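Enquirer: Residues per chain are reported as follows:
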Amino acid sequence: MMKFNPKLSQKLSYLVLFLASTLAIMPVIVIIFIIVKNGMSVISWEFLVSMPKNGMREGGILPAIIGTFVIVMCTIMLTLPTGVCAAVYLNEYARDNTLTRAIKLGIVNLAGVPSVVYGLFGFGIFVMFLKLGVSIISGVLTLSIMELPVIVTTSRNALNSVPYSFREASWALGVGRWQTIRHIVLPNALPGIMTGAVLSIARISGETAPILFTAAAFYAPHLPHSIFDQVMTLPYHLYIISTQIPNMPNNIIFGTALVLLFMILTISFVAIFVRVYFRKHEKW
Amino acid sequence: MVDKIKVEDLSCYYGKKCVLESLNISVVQNEILSIIGPSNSGKTTFLRTLNRMSDLDSIYSRRGDVYLDSASVFDMDMEELRKRIGMLFAMPISFPMSIYENIVYAPKRLGLIFKKSEQDALVEQSLKDAFLWNEVKDRLKSSAMKMSGGQQQRLCIARILAINPEVILFDEPCSGLDPISTARVEESMVELKRKYTIVLVTNNVKQASRVSDRTAFFLMGKIIEIDTTDKLFVSPKKKQTEDYITGRFG
Ligand SMILES: Nc1ncnc2c1ncn2[C@@H]1O[C@H](COP(=O)(O)OP(=O)(O)O)[C@@H](O)[C@H]1O
Ligand SMILES: [Mg+2]
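If you read the sequences in order, they're chains E and V.
For the first sequence, the tail end lands on 284 under our numbering, and the numbers increase by one without skipping.
For the second sequence, the tail end lands on 1250 under our numbering, and the numbers increase by one without skipping.
Rather than coming from a laboratory, the hints here were simulated on the basis of the structure.
The model shown is predicted, which means the values in this text are computed figures rather than measured ones.
Fair warning: there could be bad hints in the mix.
What the hints assert, rightly or not - Now the in silico label distances, taken between C-beta atoms and shown as ranges:
#1 E/L99 / V/G1176: 35 to 45 Å
#2 E/G176 / V/G1176: 26 to 36 Å
#3 E/S226 / V/S1117: 51 to 61 Å
Every residue gets a Cβ at the ideal spot worked out from N, C-alpha and C, and that includes glycine.
Extracted from the complex, chain V is given alone in its bound form (with noise of 0.2 Å):
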């Protein structure tokens, strides 16, 4: 097991406020690791704190450190990582272009490809592995704002897929998804850990107990309990972890 991901006592403020403290936990290569916890407990600050996204933050404040791959992503250039750690927001935001057009924006602004042929072949791959090309494969000129919310969601799948990152971030990608939606992402979700390494912040523990290696309970800034996930749904050690995922929690 070689962990892709590194953190080690990192806490993070805003302004004086602490939202997380003294965390230590890794991400193995190739896991997919969940994080559940009720809101304002510092799930979305943890993944925004991993591919730097909260240093445009001016009242954001960090100690601690994350390597990726052994490297402090604090030293890195802020585009090279996140080329590297790709992140999947809540609600899908598509670009205002066609589905074709928000697929090899990114890749296009990086200068990863230049000629036709490879744009198309990159289209085709990013969407088949997101599990949306047979959906869109006649209509990929057509504005990407006319799909609905799971295919948008699935888009954004395949726009991150096509920047070829090591890592991916997801922050309660479902949660504006209707069922059937849900489950096409999570089966991309599974399909895509054999490549990447991915985080999944998820606010449905079923969710997490359906894809994940591992689950991280996280409450008001701390890690209550991390463990397999089987174990942790099973025979969680702490009692809050398991008020929180029998639903008996506040």
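Isolated chain E, as found in the complex (with noise of 0.2 Å):
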């Protein structure tokens, strides 16, 4: 057996985390460098509140900012409601029986679906069946059920975080299980809550498949009128504009990109930001 010297080894393993961790960092940083070099050139106030000019190789990028922002907002602003009252009852109301476990078990597994069975699901359904057409409302429903499992997972992870033991002392006192949801566990449960749907957000916001068939549009000359247009979205208009438009500048490519990316980082931060400033005021 050969020995090592302790000293050495430590050095030694050291240098092998610290190369991992590099090399799990390093091709984030690459990305960004790059989108931002080749995209910053294009970003202008301009570029952010102009419609697209001559077959999408001028102009800016509004219809997809607001083609995105409005199908996130409309989304998020139907899954979360409903995905906390889902959670609400899986977790403090329904009981232990082999059909509640069963739905518990297929919610977490439908948030492992891939994203574009649940757009081919959108356009049978939605497009095909209700004959919402491709239209902001098919893709809102359709995202919906893409996030919903993934709004109650982490809601019920929230609410699994304040201790049973609060629930029982609100109990111990005559006070009744809506009252003691309401005034104890939510309010606890709210950082970890909203952590989970501005991660949503920001997970929606990058998505192009479940949109693809139900809601996006190639090329839209307005901004939508109602919930029946199509629209123009980012992730989709950036897929567009770097593979099926010849002649295509590339700081306009890097350009969207990058608005793409600041947008989904800083909705992280934000999400960071929750987090540590309730985990300094958290309480127990």
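Using the hints, build the complex out of the two chains.
Expert: Below, the structure is given as structure tokens:
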């Protein structure tokens, strides 16, 4: 047996661990660097607030920004209340039997279904069967179905993190189930629920597959007038200008990517901030 | 002597396992009844049956009856019952809010108080009755979680007093406390006896002898002996009781 010098092996393992973490973060840094370097030149107020021109080779990306914003906001407004209610029911009210256990298992597994499957499902149900057409509403419903299991799961984790003893202490004082949930459980679960919601927003903002067949327009000459209109969205727009349009100026492609990246990073930072803020103020 | 609580032929089960067997016992108005006995003899189960906290457990079942002022607790509305029978847990469980909020929480939810002046008065009175007022009167708005264990336990007592119950159940309230905090909690218990009926489960035999009027000895789901505290400690009738209170028990 060869004997290692303990000092040397200490240094060696440090080096390996350091390299591994560098390896993990390096690609992200490189990607951000490349996108910023190539896209920064087109970023201007003008770029953000004007319509695309000349077959999208010039002008701005306003409709895509608005489209993404509208779809994401509608989706979260639909899924957050529904998801939290479902989580409260499953965690706080539902009896522990085979049916509820099957439902819980189903929800966890649904969160792992690839997004393109949801896209096809939404196309079949909302666009074709319910005849809603390719529209904001179809896209929102599809994304909602995709995101609901995630919201339910994160909300359930947040509810579970509130100690059971708080509930018991409240019941023992004669306070009912709903009042206990409303005044003890939910306020203490809120940070976790909000973090989950913000991360969901970040995730939906970048999704392409579920809206590809349900909501996204290749090009829309005007901004959407109602929820039954098609919309342009940032991820899909990015896909189109980088693959479908000949002679597309590179800096617009990278500029669009930069806007999308900036949006998602900002949202993620908000999530981290919420987490850290509540950690500091956590009281038990 | 008026019976505040009367337990008739009560048996409790978790699944198929019988943890309390044909219990007959009553609690007299304005007394402190201590329950002593080794762990797993069903003391907590007994308390949680009285205020029906056990009913939330899906594998729990029971036979027999419990009367509060001659009305069966199993026919009462659970929330109404728990307002009349308060319960203090072994570990102090303050809510993550201010001292003030902790106390007005339940009265507000139950619709007992509305005006700010009523709330202030209630907070002061409850804290005084729990012997905590002098220590916290200058920091009512600070977080309850920052207090010491003994203070938190007395806050939990104050919180129960604020809903003005008739009976208070204590489940090993001092098991996590130092001797000084324990003394303060005991002091408040003796004082509370004037207004309330108290059932005290304790793993500390000396505590039972210090504060209670009567003591019951539980062993493996049965009442082995119940008598006035003086008699039970001086001349226990059963060998098992004697072994337990003299510390010869396994
Ligand atoms: N929620 C529960 N589920 C299943 N068994 C339980 C539960 N609570 C208590 N028991 C069992 O009931 C018996 C009595 O417990 P307990 O009432 O807590 O006794 P004590 O308070 O005297 O220590 C023990 O054997 C315990 O394992
Ligand atoms: Mg116990």
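Enquirer: Given a hint of 51 to 61 Å, does the C-beta separation of E/S226 and V/S1117 actually sit inside it?
Expert: holds (54 Å)
Enquirer: Please test the hint of 35 to 45 Å on the beta carbon pair from E/L99 and V/G1176.
Expert: holds (40 Å)
Enquirer: Confirm or reject the claim that E/G176 and V/G1176 have a C-beta distance inside 26 to 36 Å.
Expert: Once the Cβ atoms are compared, 29 Å apart, the range 26 to 36 Å for V/G1176 and E/G176 holds.
Violated hints: none; the structure is consistent with every hint.
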